[in-house]
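Between the sequences and the hints, there should be enough to build the whole structure, so can you do that?
The sequence shown begins at 768 in this note's numbering and counts up one residue at a time.
Think of the hints as simulated: they come from the structure by calculation, not from any bench.
There could be a bad hint or two in this list.
[Stated by the list, open to error] List of simulated lysine-lysine pairs, DSS-like, C-alpha gap at most 25 Å:
{"id": "1", "residue 1": "K793", "residue 2": "K890"}
{"id": "2", "residue 1": "K861", "residue 2": "K793"}
{"id": "3", "residue 1": "K862", "residue 2": "K890"}
{"id": "4", "residue 1": "K861", "residue 2": "K769"}
{"id": "5", "residue 1": "K861", "residue 2": "K890"}
{"id": "6", "residue 1": "K890", "residue 2": "K769"}
{"id": "7", "residue 1": "K851", "residue 2": "K769"}
{"id": "8", "residue 1": "K769", "residue 2": "K793"}
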Amino acid sequence: MKIYLSVPMIANRALERARVLERAIKDCGHELTSPWVLGPIEYSTGSVNVFERDRRGAENSDAILADVSEPSTGVGMEIMAAYKAGKRIITVAKKGSRVSNMLMHMDGREIVEFEDNEELYAKLSNLLQHQAESRRQRE
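See the structure below:
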């Protein structure tokens, strides 16, 4: 499965958590389609149209995995692009986080709540491994 990883990049960046999410995706045999979220923060230089790249990435992947522990306009836009394209939406949120009511009421959204990165990896891997096993059985 091709998974678009969506994480806050400018404010509220949690790079260590993003790397945990990447590891869960790859360890379960899935493809990360947005590797740039693990690199340095991109500033508007004109060389990359971030809006078009990220919109297309969210729309063309099989699923979006979004960290919604902290507010992020970009993450919200990527989730909406994936939603409108009919993609699977998996969200992760640290327990106690205040998540947007609009997102909480989104039909079909899956949520993984966690206390720490170890629990996040375990819960997400369980969810993604089940998906990988189901896909292999169909093939």
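The hints, checked one at a time:
no. : hint        : result
1   : K793 - K890 : holds (15 Å)
2   : K861 - K793 : holds (21 Å)
3   : K862 - K890 : holds (13 Å)
4   : K861 - K769 : holds (24 Å)
5   : K861 - K890 : holds (12 Å)
6   : K890 - K769 : holds (19 Å)
7   : K851 - K769 : holds (17 Å)
8   : K769 - K793 : holds (10 Å)
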